[in-house]
Structures are given as C-alpha cells and as structure tokens.
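Starting from the known structure of chain L, fit chains A and X with the ligands onto it as the hints suggest.
Protein chains in written order, with our numbering: chain L, 13 to 247; chain A, 53 to 307; chain X, 3 to 320.
Hints are computed from structural coordinates only; laboratory data are not their basis. No residue lacks a Cβ here, since even glycine has one placed at the ideal position from N, Cα and C. Where hints are given, some of them may not hold.
As the list claims (entries may be wrong) - Below, in silico cross-link-like pairs of lysine-lysine (DSBU-like), each with a Cα-Cα straight-line distance of 35 Å or less:
(1) X/K311 with L/K27
(2) A/K223 with X/K203
(3) L/K27 with A/K134
(4) L/K179 with L/K37
(5) A/K223 with L/K165
(6) L/K234 with L/K179
(7) L/K165 with A/K163
(8) A/K163 with X/K297
(9) L/K27 with X/K111
(10) X/K311 with A/K223
(11) X/K297 with A/K134
(12) A/K223 with X/K297
(13) X/K30 with L/K27
(14) L/K27 with A/K223
(15) X/K311 with A/K134
(16) L/K27 with X/K297
(17) L/K136 with A/K208
(18) X/K297 with X/K311
(19) L/K179 with A/K223
(20) A/K208 with X/K8
(21) L/K165 with L/K179
(22) A/K208 with L/K37
(23) A/K134 with L/K40
(24) X/K8 with X/K311
(25) X/K311 with A/K163
(26) L/K136 with A/K163
Stated by the list, open to error - Counterexamples of contact, computed for chain A against chain L with all Cβ distances above 12 Å:
(27) I58
(28) Y101
(29) V126
(30) L127
(31) G175
(32) H210
(33) I230
As the list claims (entries may be wrong) - If the Cβ cut is set under 10 Å, some of the chain L residues that face chain A in the computed set are:
(34) S35
(35) L38
(36) N50
(37) R97
(38) D108
(39) V112
(40) G113
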Amino acid sequence: MSVLEINQLSAFYGKARALNDISIKLDKGEIMAVIGANGAGKSTLLDSIVGLTRTTGDIRFEGQLLNECSAADIVNSGVGYATERFNLFPYMSVYDNLMVGAYTARDDVEQNLELVYDLFPRLKERETQETGTQSGGERQMVSLGRALMSSPKLLLIDEPTIGLAPKVCLDMAAALRDLNQSTSLTILITEQNVNFAMSLAQNLHVLETGMIRMSGTPEELKANPDLNKAYFGSS
Amino acid sequence: MLQILIQGLLLSGLYALIAVGFTLIFSVGRVLNLAYGAYLVIGGYVYFYFAQSLGLPKPLVMAMAVVCGCLVGVLKYRLIVKPLKGNHVAVEISTLILAVVIQAGIVLLFKDSPKILHPIVSGVWRVGGATITFNILTAAVSSWLIFGGLYLFVRKTHTGRAMEAVSMDTKGAVISGIRPDRINLITWGYIWRLGCNCRGIFCELYPAFPGYVGCAVNHCGCGGYRGWYRFDLGYLAGGPYYWIHGNYFNLFDRR
Amino acid sequence: MTNPTKKYLLLWAIFIAVMLLLPEFVSKGTLRTIIFANFLAIFAISWDVLSGRTGYISFGHPFLIGIGAYTSAILSYRFDMPIELSIPLAVLTTTIGGTLFFLPALRLKGSYFALVTLAFMELMYQLVQVIRPDLTGGTRGMSGIETITRGAVNNYYLSFALMVTIAISMWLLMRTRFGSALSAIGMNEESVRGSGLSTTKLKLAAFMTSAFIAGLGGAFYVHYLGSIAPRALFDINFLFTIIVSALIGGAATIIGPMFGALFLTILLEALRPILPGVERYLIYGSIALIVYMFKPQGLVVLVLDTLDKLRSIISSRS
Ligand SMILES: Nc1ncnc2c1ncn2[C@@H]1O[C@H](COP(=O)(O)OP(=O)(O)OP(=O)(O)O)[C@@H](O)[C@H]1O
Ligand SMILES: [Mg+2]
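Bound conformation, chain L alone (with noise of 0.2 Å):
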C-alpha cells in the first residue's frame, strides 16, 4: 500500500487555480522529489497535503481521505512538514522549538530528540539559543528537527536547501539519505536545486505553474532533452 496517493488534486487561491490535476503516489521508504520554479505550485502542493489550501480531489494517507481533515489532525495522524519559510518561533530557545514540534507525539520525547541531535550535533551545541538569532542554515536543522519530534511517517519538506551553502547542501543530502534509511521514513521534497534532488530521490516530478510536465527516475529525467533545457540551459 502507498503510503501517499493523491488523485486530480487541484489547489485554489480565491478563484485562482495554483494547481492543476495532480496526481503521484509515494511508496513506503521513498524519497521524491518535486521540482520546478519559482511560482510553479510547489509549497502550494505540500500546504495541500497537510490541509491549509482549498483544494478538489484526493490526498490519502496511508489509505485514508485527508480531504476533510484539519491540519493538525493530519499532522496527529503522522505527516511532519519542514516549510520553505521554517514558521519557527523566534523567540523560543531551539529546545522549545523542538518541544513544540512534540506537540502530538509526547511519549516519544526523549527518543525523537535523540535522533534530531545525532542528525544535527549542532543543534545540540546551540540548544538554549533563540531561532531569532541563528543562521539560515542552522534555523532549516531546526525545522526539519521540529518536524522530526513529531514521529513523523511521512516527511514534507520545502526545499531544504534554500539559502545553504555547497558544503552545507551535501551534509543535509547525508543527513536526508541516513534518516530515510535508518528509520525508512517516506520523504516528499521540493526543490529548485536539480543537482540535489537528484542525487537524492529515487523518483521525480517536474512542476511547472501548477500542473506536472514530466516525471520519472534520475536516469530517465537526466535522458529528457527537454528538462535539460529548462533547468541547465543546454541541449
């Protein structure tokens, strides 16, 4: 059974469609990726899944309709979600920051704050520090970390690797690759950085305003003379 399935989801701001028609199914221990432009529906798409966007069609979680669910029951039922912007609490210490994110699943403390310090020593050091005053890259460890407290089975994650060093980039890849293997968990990311998403997911979907173009594995996407246009401006 697919952990994810969506089915001719369509998105609406006000009257505007931001998306159109979508449907993709994530098995059990994947990571995809969804990549596309600026504008092109991508947070749209994941603010959908968790049920903060109007929207038409089917999001099924583990077989069950989403459509109707608010979003904290949806986070309740196990889907964590890493925003682009990371929504943290600026004023709260990383570790309360965490806390919250432990909102829903409170029996499982100790042992999700475990795994978040071991993916992200860093946080650890910077524990009592205020996500007011931290670096970009610091402030995305917390988010996915707050994410993470949930005990989540699926994870959403808003392009990661917005505003992150090269280096940076490949330790969060690492940090992505280790988690997903060692606890299987299902990962659904956007991204701008091809390169990244690539070296990461096992299957793509390529966005473009609103409706998805192409889809397929690395391989195949790497093969399509059209993609390579649009995202490395050459043939």
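Frame of chain L; chains A and X with the ligands shown alone:
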C-alpha cells in the same frame, strides 16, 4: 514614606499579574480584549455577593469565582470571538461593547457605590512606622505564587508552549499539530480565572474600571517589545515600574 | 449631473428641511436631546473618517475632543479670550497637537494603533487631573464657561448647522479620490501601497481631518454645555457611544454616523423612564452588540434592505 514604599512593592505583583493576563490574550489571539477590566471587576463582585452578602464560606466562593469566570470566558469566546474570527477590528469593538454592557449590568445589580470588601485575612503587621495588613500581604504572596505558576505553565507544559507558539507563528504552530482555536479557548478561559483570582483578593471595588484597562495597557508597554510575544522574566525587570505604578494607584486612585 | 447625485442632493434637501422645521413641533426637552445627537453625530463622523474608512481603530477620540474642549474652555474661562478666537485656536491645537501625538502611532498596524490610542485617552484623563489643576480645574473640571447662545431653539439651530456643514463637507470630500483611497486602505493597505500611493501620508491626512472635526466639535460642545469635567469626557461610555454610533448606523458612510447618533440618543432617552442611570447601557449595549454581530453594515442598510423586501412583497402581491 516607608508605608508607601512597602505597600507599592506588595501591590506591584498584583498589577503585574493583571497585566500578564491582558498580554497573554493579546499575544496568543492577537486581539485586544477591552473587556478585560470588566472581567477583573466581575471576579470581585462574585466574591462580594456570595461571601459577604450571603455569607458562604470563603474558599468555596473563591472556587465559584474561578469556575464562573472560566465559564463566562469560554462563552464569550464561543459566542463572540469565534464567530467574528479573523476580523480583529470586530472582535475588539465587540469587547468594548461588552465591557460597557458588563459595567452597566454590575451597576444594575449592585448600584453605583464602591463596595468595601472585608479583608480575607485579618490582622496587621508593624514594621518600623509602617503598617502592613495581612490581607495585602496575602494578596502579594498569592499573586507572586500564581505568577510563578503561570511562568512554569507557559514554559514547561505542552499547552503553555503551544500558547506561546501560536502567538509567535500561527502557521508554525498549526503544522506542529496545534489547534489555534483550542489554544485560544484555553487562553480566554484561563485568563478569566487569573482575573478572578486577583480580583478576589483585592480589597476595594469600583464599578467604573476604564482605569484598569489603562493600567493593563501601561504594563504591557513596560514588558517591552518582546513582552508581546513572550511571557518571560522581562516582566519582572519591570519591577521598579510596577512599584511606582502601585504607589501611583495608591495615591491617586481614590475616586 | 448624474442621476444618483441628484437623488442624494434631493434627500439632503428633504432632510435639512425637516430638521429646520423640527423646533415647531417638538418640546424643548426633545430638542435638547437632539442637540446632543447632533454633537454625537459630529464626533461619530470624525471617528468614521479615520477609523471607519481606513480600518485603523481609534480608541482615543475622547482624547482629541478633550484637547479641543479644554483648550477653548481654558482660553475663554481663564484668559478671557473671546470665543471667536478661542474656538479656532482650539481647533488648530487639536489638529496639530493630536497629530504630533499620533504621528508615531500611525506607523503601527491594527491592534497596536488601537492600543496606543486607548493609552492616550487614559493618559489624558490622568494628566488633566494632576497637571496644572489651577487651569484645568482638576477632577472637578470647570463650570460657568461662556456659552455661544442661549435657549434650546438657538442651540439646536447652531448645532444642526455645524453638523450639517461638517457632514456635507465630508460627504463631498469622501467622493474625491482621497476618499476612495482611504476606503481602499481599509480593504487592503498593501495593494494601495503597491499602486504607488503613500499610505502613511493618506492616513496622516485622514487623521488630521478627523482631529480637525473632533476639535471643532469639542470646542463647540464645551461652549454649549458651559462646563467640562474629565470624568464625563474621558469615559469608556462616551468612547463607546461615539464608536457605536458610527458602527450601528453604518461605518464608512456619512448618513450612517448621523443616523446612528440619532438612534442611540433617542434610545437612551426612551430608556430613561425605565432605567435611570448607567444601567441603561446594559440594554443599549446589548442592542448594539446584537446589531453589530448580525448586521455589521449597520442600521441604514438594514432599513433599506427591509424596505426593498417589503416593496418586492407588495409588488408580487399586486
Ligand atoms: N496566499 C496566496 N494567495 C494567492 N496566491 C498565492 C498564494 N500563495 C501562493 N500563491 C500563488 O500560487 C502560485 C504557486 O505558489 P507557490 O508558493 O506554491 O510556488 P512555489 O513553487 O513554492 O514557488 P517558490 O519556489 O518561489 O517558493 C503562485 O503563482 C503564487 O503567486
Ligand atoms: Mg515555495
């Protein structure tokens, strides 16, 4: 002089507590609760009526004030704040109207004149030339205790942290599985309880209260920018300020 | 001239004619009630120009009215200045003084603005009593201030003339691009800024207009009453009455605040035999709350809607 110094110091805790309640609602729900002053007064009148006029046991009445306070707070959230959701202007104005309605209701029931509440704890304590009533002492100690409890609640419990989280970044809170709605409800109910508590241990009652709203407003300002977002020791740093304010109320607030 | 404008002008004319004839038909007591309604309408229009249009809620209007009233009262009562001079000076002081005070606040958003304005009212209340009580009269205030004219009928005409002049000028002003820009701020400030207008300047202009009217109303009001006291002026009930007049009649219109003021004043008078004191605000406030929760556009719209419905029922019958 010593009298004023000590009294001000003791009352400052009470004012700080009042201010925190007001700030919490503002930072969590992002709306000014202009009926807050009215809330404070209601707690006092519940105490006045049941304990003093009907002569019910004091601890029971305190509990009643708390319960009835929570109830009214929740009702208000359900009937007014939530239906107007998203429209801050409307909520603020309706709290202003509610303040007027409550005030008029109190005058209708209890008449216009100030009520003297008998001290909950009698006795005085003389230090040098100053006289400190045990009542004020109790009020001070309890408000600092409640204050401390509140601090621990906000900092150490999941619900308390969720309150802070909603105030700082609502989307961040939602994707952490928090229901802002519920947190708002808790805040409104909880604040009622706070208000009633501190009013219940205060000593005099006036039906007119714009001053109390003003005082809450002033205190918030003193908590500073961070104070809007965060319940922290910044409030205590305002100590000298509260102290002056406590005196100020002593000296001038004798209508 | 377009048709709707003609219709509006006709309505204005009818309204003015009815109001001018009113003293022939009603008692002196009723007239005094309506005088208060006229002043209230001025204050409500003043509030509405700023808050009703832009959505920046001012809880500090008594502060502005207070500056106008106190300045004129002090100048004429303590320094024997003629009213013809003290009133313009008071209006000037309110506009400039109010602007100086509120200038920092105008940069604040939403609730913060409301909070600061509320604090101003409270501040003014405390200051008036403590600072220079020899001038302000302290807690007691002042009485025996020179009045402009005597008798209910004269005062009625004076207050009505003032109110109508202000109402019509505001009506004309709000039909200009300035007026529509203010309403646009109320709907979406970002988009107004996006279209290249300085919202701060617009808000400042709205504020100064509002302060001007408040000062004018306050100064005339104090010379009608002949007395002034801080408790009556910087009072939550007074603030409430101003705001609710504008809202219950219909915010962001001119007829709304006028209608609301008349409605509230008459309601308050009608309740007097039943409930003598502040208790009236219980009923008064409840009505306001219910109207506000269920018909936020106000009573004028409610009346028009009901008339429309009646008309359609009647026409479907025949
Ligand atoms: N709250 C909103 N209201 C109206 N339109 C919106 C809103 N949020 C996004 N949009 C529109 O929806 C479309 C998709 O936006 P989205 O944020 O999903 O893009 P994205 O792929 O995440 O872009 P980026 O790489 O810049 O983050 C855009 O055209 C955007 O303007
Ligand atoms: Mg995005």
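Checklist entry - If you check each hint against the structure, which ones fail? => result Hints 7, 10, 13, 20, 22, 23, 25, 26, 32, 33, 34, 35 and 36 not satisfied by this model.
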